[in-house]
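Undergrad: When we follow this note's numbering, the leftmost residue of the sequence shown carries the number 781, and every step to the right adds one.
Calculated from the structure, these hints are not laboratory results. Values in this document were obtained by computation on a predicted structure and should not be read as measured data. Do not take every clue at face value.
[Unchecked claim] Capping the alpha-carbon separation at 25 Å, the derived lysine-lysine pairs in BS3-like fashion look like this:
no.	residue 1	residue 2
1	K1930	K1281
2	K1083	K1096
3	K1281	K1514
4	K1660	K1153
5	K1281	K991
6	K1052	K1096
7	K1153	K1514
8	K1514	K1462
9	K1052	K998
10	K1660	K1640
11	K1083	K991
12	K998	K1083
[Claimed, not checked] Simulated restraints on C-beta separations:
no.	residue 1	residue 2	range
13	E1486	V1590	54 to 64 Å
14	D1610	F1812	30 to 40 Å
15	I889	Y1098	54 to 64 Å
16	S914	A1420	37 to 47 Å
17	S1609	S1519	51 to 61 Å
18	W1079	D1455	58 to 68 Å
19	Y1098	D1455	17 to 27 Å
20	V1590	Y1098	56 to 66 Å
21	F1289	S793	30 to 40 Å
22	E1486	Y1098	35 to 45 Å
23	A1582	L1142	13 to 23 Å
24	A1227	L1818	17 to 27 Å
Note that CB positions come from ideal geometry on N, CA and C, so glycine has one too.
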Amino acid sequence: MMVNVPSCSHVSSPSLYMTRLYRSLPATSPLRLDITPFFFIYAALCSLPFLLPSSNQSLPILQVPISPPSNTTASAPSGPSILSLMDGCSSSSIIILVLFVIAVSLHVIACLACTWSVRVLCLTRFRRVHSSRSATHVVLQQTALSPWEIVPIQRISGIRGFTYQHRKFIWSIDINAFVELDFPTAHVRQHYVSAQGLGHDDDDMFIRRHKYGLNMFKIPMPLFSELFAEHATSPFFVFQMFCVSLWLLDEYWYYSLMTLFMLVAFEMSVVKRRISSLEQIRSMRAAVYDVSVYRTGRWRTVKTSELLPGDILSLKRYPPSSGHNVPCDVVLIKGSCVVDESLLTGESVPQLKEPLSASGMLSLPLDIEGSDKAHVLFGGTRVIVQSPPTESRRPPDGGAIAYVLRTGFHTAQGRLVSTMMSATDRVTVNNTESFMFIFCLLLFAIASASYVLYESWGDPSRARSKLILNCIMIITSVVPPELPMELSLAVNTSLAALLQKRIFCTEPFRIPLAGAVNTICFDKTGTLTEDEFEFLGVASQDTGSSSVSAPEKSGTVSKPDHLLLSSTVDPRSWASRVIGSCHSLVFLDGNIVGDPLEIAAVQAVSWQALSGSGAGILSLRNSVSHDSLKIVRRFAFESALRRMTCIVNLNESQSIVVCKGAPEALVSLLASVPDQYEATHKYYSRRGCRVLAMAYRPLRSVSINEPSALKLSRGEVESNLVFTGFMVLESPIKTSSLSTVNAFLSSSHHVLMITGDHALTACEVSRRLNLTSSRSATLILTDSSEDSNPNLRWLSVDGSGAPIPYLPAVRPSLTASLCVTGAALQCISDLQERSDLILMTTVFARVNPEQKQMIISSLKESGRVTLMCGDGTNDVGALKQSHVGVALLTNCGGEGGASQGSKARHEVKAGKGGGLRQKAAMSVSDDIQVVSLGDASVAAPFTAKRSQVDCCLDVVRQGRCTLVTTMQMYQILALQCLISAYSLSVLYLDGVKLGDTQMTVSGMAVAMMFLFISRATPLHALSAERPQSSVFTISMFLSIVGQFAIHLFSLVTAVRWAHIYRAPMDKNLDADFSPNVLNTVVYLISTSMTLSTFAANYKGHPFMQSLQENKALWRCLCLSSVSVFSLALEVFPSVNAALELHPMPDGPLKSNLAMLMVADFFIAILYEHSINSMTLRRSRKRVK
């Protein structure tokens, strides 16, 4: 039975920030705010004529004959207009009519607002409830900054539920909340291993088909007319259409038609672009192909679209050209696979997937995002090799056996497609800051319109209808038609620029956020350093005369004499046997594919692969010692355990356990810890090396078979191990890492490293990259306790000096750089204390994926705008949590279509080792199209198909350029609107206006300059100055107020001069437009001021190309300025006449006006440059 639940727990989903329940109100309900209030308003307006005193006298209208100027042909008298019908009405009738028009307008706006805002829709047509039984709709919010979305509650397989972003949610009686469709992902492991497939119960099959639907991405293609109707009812478009209708009433035919054409053409282009994006996404849908499934006790062939959760599926390798990827999320239960996940997550290492039956502990529940991730294949990945099970239920196609977990949009690939679909929505200015900014401008416009109305309402010579129209036009001038178009163009231009650099964005609204980034976070391995390793040797007590020394570094401890580093390893040593058998390498078409660390190590100790399968290399032989190894069972590497273990048969005569992992993770498993164990691994870690401890122990005196090995738990195997040495490797720093980090440091960014490597290794790499200073010490916060009570202390990276006790919120040294380990962070439970520590830290080491995400989250809560760059699945949480996440697809092509990894690719024959991206990259990345599903990653909103971290510079550069462009557009539009509001007020007070031709020419010039501004390109070098990220700043306020004060003084002066030369009969109230001196002066001075706002507020350096470098804008601005000053000086009288400008009277007005325009132009530029210089100087401070 359904019960009431708290409002915060209506939907149980980690992907949703807020959910609420609402019930729709019928049209007859008195609570409908879009109907009931207006019913009473209309009734009151209808009763007003009977309540007000009747008056048969209409207001007299003074008709003043107008003599056309001597050089201007008088216009033919026009017939009565719509507005003239009001002129003979009484004041009360006009008031009632105006109120009625206002009421109808408000009613229309109220109805349209329900389509603009879900909040307004819920307020007017719904009532919030707390019972799911009475609810008809669910309101959801993905993040705190995301807009509200509303979806109807419906029946899904007979249960109340709803569909959100193509994913189904149903009511759960157990937790009294809506939950995502219950796919079989949480059973105990034994359930999957012993599953017998579907088809035994026809009713169950029918329910499953109805409940889960087809395993395919149903992407509806909306009609052009439907999308255009959606755009045509957006708030800005409706407002612009209202303005166009006002201009038509005031007989601005050319200007109205030009604006209408511009608006409609822009919206049509946006709709066409959205349809094109949807068509591209539809083309990315996984192809439907035949697969083998185990149903009704035998193998059958079905289409991938017919797969259902619970099916037993055969997975096999297909040629890359076929496009046949894993059709859904599955868990491997028999056999094994090697999977390429780069198209989905950006992980460049082919992942070995082992059967769930080999995991042991079958009574534990399945954890597909945690400990069992090594057994799960996600939809959209590609099988590059597989091995079938050795049993009677072997598939006829020789594939590995898997259990279907999730289908359709609920898969990992489905979520990515859903995200990409939402990214096709238009980029708008419908945000709080935009509306608040417009509201501030609106206050000035209302004040101007009120003054005009107050001064002219009592004038019997003024037509009330025209006066009201003029006042409305003053108010609407605060929202120019260019606003939504220009701001959208700025983002779309950046999207195109990033695409050319092979950086793909699924969330365009994050591009301006990239410009406001002040904290840069990097992963280390595979991001800052190469993902290929150089094997340096083994450090152990058995090393002999071939020992070598690691490069010495001043100020470090001397190397322990009894644990030397041997570059050559005795083939008969246990260290060699551990290296040769404790790995997850794959034997594929005569080549070795896998982790480059393991490949480099195996290559160094002369082990050759004899056989292999989808489970990786199973048998190896040493060409020198002639030892043979056969891997019977693998315990995969886990981030939480930081180690890997294998059960191996040695020479088919005995079974042994081999283990490798982090030195601190293995020390508790050793039977005895050698002297200098800790000192040795710290010594090599301080030199930036990757250090892995190796251990072994005899298991049985005879070989062991796979069934017996599967019965052993990991805890039984990993005990009483014998230490055999440290494996020492080095990963070179990428070519662009140092220059990228230096660029960010010099541009006042706080740069962090977040890695799972050893703290000493991370500190050395950070020193080489200038993240930490070489001239000052680096302190590492560690937990040295041996029990559950934490004992946090600061230790020097070189081991010198006494430990410093940890004190909350106290920096241990003013000059030292700080490194914090994940274990130390875990010991701090106070959130504020942990946040303060994170803000002081430069390097985070030995952190797991959850801790990476927690660090980014803490930085965000502290007000930092973060960018996270990573390349693997361990970084997914942090990439999603950051404001700007950049995922590196390191096995994909780089700039210009050339594969950056191709230089490092080389064929590696069995027994000769090789690099990480060899076989998988060669079979995958060459087939990737410029626009495909592989261009986007589930990991982050930005995906760079490049292996170098300099792509982060491109993202920040383009983000800064977009942010600066947006801010300067707001600035220009604000000044333009203020100038327009005052100019129109001056003209309307005197009963004149601007000409249709004048407004058309000015509008075209302004639109062209805005277009050229949006096409500005960023500078290559990042500056130490930061752009403003908000319009509500002191500098923005001073800039707008100061410039407007300069322009206002010039306008007042020019209008005063024009009044001197105004003829008594120049006042043309309601007839056709005829220019006069006031109209000409106001048009020339306001146009000059508009050009001045572009010249003064274009930011240019240090964020983007300067005004002179932006050739199109510079030429347009120069041509327009020369033209305006030519018009003021009447250089070409015929041009003045074509623009309907009145000839300048004899006297100093012409020269004075020209000098005033020049002075206003350059004073405004000088003032803005001074404000800009002060703002930039204040923004140079680096984030601490």
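Undergrad: Decide, hint by hint, whether the structure agrees.
TA: Outcome of the hint check:
1. Distance restraint check for K1930 and K1281: the Cα-Cα separation of roughly 52 Å exceeds the 25 Å cut-off, and the hinted pair is therefore not satisfied.
2. This hinted pair checks out: K1083 and K1096 have alpha carbons roughly 15 Å apart, not beyond 25 Å.
3. Between K1281 and K1514 the alpha-carbon distance is near 19 Å, which keeps this suggested pair within the 25 Å criterion.
4. As the CA atoms of K1660 and K1153 are separated by approximately 19 Å, the hinted pair is consistent with the 25 Å bound.
5. Proposed proximity of K1281 and K991 is contradicted: the alpha carbons are some 43 Å apart, above 25 Å.
6. A hinted pair counts as satisfied when its Cα atoms are at most 25 Å apart, and K1052 with K1096 does not qualify at roughly 40 Å.
7. The suggested pairing of K1153 with K1514 is violated, with an alpha-carbon distance near 29 Å, which exceeds 25 Å.
8. Distance restraint check for K1514 and K1462: the Cα-Cα separation of roughly 24 Å lies within the 25 Å cut-off, and the hinted pair is therefore satisfied.
9. Among the hinted pairs, K1052 with K998 is consistent with the structure: their alpha-carbon atoms are about 20 Å apart, no more than 25 Å.
10. Among the hinted pairs, K1660 with K1640 is consistent with the structure: their alpha-carbon atoms are about 12 Å apart, no more than 25 Å.
11. Taken as a hint, the K1083 and K991 pair is honoured in the structure, with Cα atoms around 18 Å apart against an allowance of 25 Å.
12. A distance of roughly 16 Å separates the Cα atoms of K998 and K1083; the hinted pair therefore holds under the 25 Å criterion.
13. In this structure the hint that E1486 and V1590 lie 54 to 64 Å apart at CB holds, the actual value being about 56 Å.
14. D1610 and F1812 have their C-beta atoms about 33 Å apart, which keeps the hinted 30 to 40 Å range intact.
15. I889 and Y1098 have their C-beta atoms about 56 Å apart, which keeps the hinted 54 to 64 Å range intact.
16. The supplied range of 37 to 47 Å is met by S914 and A1420, whose beta-carbon atoms lie about 45 Å from each other.
17. For the pair S1609 and S1519, the supplied restraint of 51 to 61 Å is violated, since their beta-carbon distance comes to about 40 Å.
18. Remark: the range hint 58 to 68 Å for W1079 to D1455 is upheld by a beta-carbon distance near 60 Å.
19. Between Y1098 and D1455 the C-beta distance comes to about 55 Å, which lies outside the given range of 17 to 27 Å.
20. Against the hinted window of 56 to 66 Å, the Cβ-Cβ separation of V1590 and Y1098 comes to about 60 Å, which satisfies the hint.
21. Separated by about 22 Å at the C-beta atoms, F1289 and S793 break the suggested range of 30 to 40 Å.
22. About 28 Å separates the C-beta atoms of E1486 and Y1098, a value inconsistent with the hinted range of 35 to 45 Å.
23. Checked against the hint of 13 to 23 Å, the C-beta distance between A1582 and L1142 comes to roughly 51 Å, which is inconsistent with it.
24. Range check, A1227 to L1818: Cβ separation about 21 Å, and the 17 to 27 Å hint holds.
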